[in-house]
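Enquirer: Take the two lone chains, each set in its own frame, and fit them into one complex as the hints suggest.
Residue numbers (the numbering used here), protein chains in the order written: chain A, 1 to 112; chain B, 113 to 221.
These are calculated hints, taken from the structure and not from any lab test.
It is possible that some hints are incorrect.
[Said to hold, decoys possible] Here are some of the chain B residues that sit facing chain A, going by a computed Cβ distance under 8 Å: (1) 155; (2) 203; (3) 211; (4) 212; (5) 213.
Keep in mind the model is a prediction, meaning the values are calculated, not measured.
Here a beta-carbon is modelled for each residue, glycine too, at the ideal position from N, C-alpha and C.
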Amino acid sequence: GAGVSQSPSNKVTEKGKDVELRCDPISGHTALYWYRQSLGQGLEFLIYFQGNSAPDKSGLPSDRFSAERTGGSVSTLTIQRTQQEDSAVYLCASSLADPNQFFGPGTRLTVL
Amino acid sequence: RKEVEQDPGPFNVPEGATVAFNCTYSNSASQSFFWYRQDCRKEPKLLMSVYSSGNEDGRFTAQLNRASQYISLLIRDSKLSDSATYLCVVNNAGNMLTFGGGTRLMVKP
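With the rest of the complex left out, here is chain B (with noise of 0.2 Å):
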């Protein structure tokens, strides 16, 4: 089993849609979590940070439910520069990342 989980997709949605992506992570200890970006044939970048409490950043949100050991990632009103691969990425010790396989986002017009 990969230590973070989540569906490649693609997920294909019209542009204004709302699109929610699920993660599972199997190290009850992790400590941080986070969602990249990966634009295609570009490098990750940091979209955000996953707190316990939920967080917003403009028109993305990002949860974390422990106890499921679950982080969600919800795009609101999709714009179509919102086409790109989203990494769930957790923090288990020290700086180490462990990066899941990425769910790949297409938005239409």
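Isolated chain A (complex conformation) (with noise of 0.2 Å):
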């Protein structure tokens, strides 16, 4: 079946340009989880999404980044005015109504 997709695979893109990133989750699935990976590191939370609302935000670094989800399904991760730091992999999970998430292979986000 269909996991979880994100697009673009990959985006280069100049210091103060907007980006924005894409996620499909499994259908079905009513949890979205962002996250972000930079080189080496672990996964940071980003914002989490139950239906169409995020209960959770607290991870969204700036109020350079928002995110939203429409009709419970697809959810678009959009980074206002990118800065250098921004430059990480982005990734997406979904899970049903259990922790056990299925991620999606991710954005490469590069800003120069």
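Expert: Pasting the structure below:
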């Protein structure tokens, strides 16, 4: 069956530009999570959606980061005015009503 | 102090060796525990859940010590394909997971 998909797989952008990352969760999964992982580092939690609402946005590092989820399915993570420290792999995961999360392949973001 | 702590390694072991990784967590109210595996430049994938009574899946054995807030993963008869980063993961509330920084394993021929 189809897993979690993310697009683009790679994104190179210039400092100051906005970027939008997309996540398609597994069909029927109500929970969706965004993480980021810098090179050689662990996963940093960003935001969690249950359905279309985001009960936990505590991990968003600044107000340049925002995310939305529509129709209880696709989610987009938007980073405005990107900075070099935003360079990382952005991972999306989805789950049913249990903690077992299934991850997408990630979007590798490079800010020049 | 990080909520989930792991030795980053790397652990370099020969094929066929037995290797053990440990992990400690700080929240005594943590509810469930997992090991995930992450291959180089790939996404994390669930390896196994960790139960209080200890559990085994083939060559892999996971154990939990709630009193000491300590989780372990034992890999027997290591294979080259076991080379990866092993992430200790804790569930504190709802479906939220907290990931350790990972322990890197390199199995050599």
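Enquirer: Answer holds if the nearest beta-carbon of chain A is closer than 8 Å to that of residue 211/B; otherwise answer violated.
Expert: holds (4 Å)
Enquirer: Given residue 155/B as an interface hint, is its Cβ closer than 8 Å to any Cβ of chain A?
Expert: OK, holds: residue 155/B within 8 Å of chain A, min 4 Å.
Enquirer: Classify the hint on residue 203/B as holds or violated, based on whether any CB of chain A lies nearer than 8 Å to its CB.
Expert: This hint holds: residue 203/B lies near chain A, its Cβ roughly 4 Å from the closest one there, short of 8 Å.
Enquirer: Interface hint check: residue 213/B, Cβ to nearest Cβ on chain A, cutoff 8 Å. Holds or violated?
Expert: holds (4 Å)
Enquirer: Identify whether the interface hint at residue 212/B stands, where standing means a beta carbon of chain A within less than 8 Å of its own.
Expert: holds (6 Å)
Checked against the numbered hints given earlier, this structure breaks none of them.
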